[in-house]
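Here is what each chain is made of, one letter per residue.
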Amino acid sequence: QQQVKQSPQSLIVQKGGISIINCAYENTAFDYFPWYQQFPGKGPALLIAIRPDVSEKKEGRFTISFNKSAKQFSLHIMDSQPGDSATYFCAASISNNAGNMLTFGGGTRLMVKP
Amino acid sequence: DGGITQSPKYLFRKEGQNVTLSCEQNLNHDAMYWYRQDPGQGLRLIYYSQIVNDFQKGDIAEGYSVSREKKESFPLTVTSAQKNPTAFYLCASSPDGTLGRNEQFFGPGTRLTVL
Chain A
-9 QQQVKQSPQS
1 LIVQKGGISI
11 INCAYENTAF
21 DYFPWYQQFP
31 GKGPALLIAI
41 RPDVSEKKEG
51 RFTISFNKSA
61 KQFSLHIMDS
71 QPGDSATYFC
81 AASISNNAGN
91 MLTFGGGTRL
101 MVKP
Chain B
2 DGGITQSPKY
12 LFRKEGQNVT
22 LSCEQNLNHD
32 AMYWYRQDPG
42 QGLRLIYYSQ
52 IVNDFQKGDI
62 AEGYSVSREK
72 KESFPLTVTS
82 AQKNPTAFYL
92 CASSPDGTLG
102 RNEQFFGPGT
112 RLTVL
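Just so you know, the sequences run in chain order A and B.
If you're matching positions, the first sequence starts at -9 in our numbering and goes up one per residue.
If you're matching positions, the second sequence starts at 2 in our numbering and goes up one per residue.
One thing to keep in mind: the hints can contain errors.
Claimed, not checked - Far from chain B, some chain A residues (derived; all Cβ distances over 12 angstroms):
{"hint": "1", "residue": "10"}
{"hint": "2", "residue": "16"}
{"hint": "3", "residue": "47"}
{"hint": "4", "residue": "51"}
{"hint": "5", "residue": "55"}
{"hint": "6", "residue": "102"}
Unchecked claim - Below 25 angstroms or equal to it, Euclidean Cα-Cα: the simulated DMTMM-like pairs (lysine to aspartate or glutamate) are:
{"hint": "7", "chain 1": "A", "residue 1": "48", "chain 2": "B", "residue 2": "104"}
{"hint": "8", "chain 1": "A", "residue 1": "-5", "chain 2": "B", "residue 2": "60"}
{"hint": "9", "chain 1": "A", "residue 1": "-5", "chain 2": "B", "residue 2": "104"}
{"hint": "10", "chain 1": "B", "residue 1": "58", "chain 2": "B", "residue 2": "104"}
{"hint": "11", "chain 1": "B", "residue 1": "84", "chain 2": "B", "residue 2": "104"}
{"hint": "12", "chain 1": "A", "residue 1": "-5", "chain 2": "B", "residue 2": "39"}
{"hint": "13", "chain 1": "A", "residue 1": "58", "chain 2": "B", "residue 2": "104"}
If you are wondering where the hints come from, they were derived from the structure by calculation, not from laboratory data.
Here the structure is a predicted model, which is why all the values come from computation and not from measurement.
Every residue, glycine too, gets a C-beta built ideally from N, C-alpha and C.
Looking at chain A on its own, in the form it has when it is part of the complex (with noise of 0.2 angstroms):
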């Protein structure tokens, strides 16, 4: 009930073009949601996070739309650019959950082709 699953693996995207990244949960009890941005050999970095309490959140070239009912949430990175490429993590936690802890997804290996 923990889980978090992300898709896909890996995705592969034109220069200016929107590369999506879909999370689905299952615990209801989530009230947290951040998606991290890790480039090879480096650690994940804060992208940008959602509460439920709202269906989309931009910031930038970067927008989580969240979906209560169905209990999924979405990365989208507009006007993709080869800086870009890296491997995005969604995640998930409880606010009122000791220790802060996050459920991680598998992660998605994203390339943008110049």
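With chain A held as given, fit chain B onto it using these hints.
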């Protein structure tokens, strides 16, 4: 310059040896975490600590040990009991557990290779 530091960046270990990975943070965060990442895989939680002198096992704690004697430090020891320790190890920290403070911030990682 605030953040999380991990050392060393690369570590080589012979079979049967214990090694200790360092993690330090100057963000004044209460909680700290250790994750393991295998090639092409997600992050798996090894141990976490919410306060000094207290820590809890994560999903894959066997073969690992930690200590939390200071708020800013959370070292991880990979013992000889860990059968497959070659991996990328990530340390993270988080503010207190009150509502709205879920963010975890990661260090640059330590790549451990067993020879």
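Consistency of the hints with the structure:
1. 10: Non-interface label on residue 10/A holds, nearest chain B Cβ at 19 angstroms vs cutoff 12 angstroms.
2. 16: holds, 16 angstroms
3. 47: holds, 14 angstroms
4. 51: holds, 21 angstroms
5. 55: holds, 19 angstroms
6. 102: holds, 19 angstroms
7. 48/A x 104/B: holds, 18 angstroms
8. -5/A x 60/B: holds, 17 angstroms
9. -5/A x 104/B: Within the cut-off at roughly 20 angstroms; holds.
10. 58/B x 104/B: With a Cα-Cα distance of about 20 angstroms, the restraint between residue 58/B and residue 104/B holds, given a limit of 25 angstroms.
11. 84/B x 104/B: violated, 32 angstroms
12. -5/A x 39/B: Status holds; Cα separation ~17 angstroms.
13. 58/A x 104/B: holds, 21 angstroms
The structure does not agree with numbered hint 11 stated previously, though it agrees with all others.
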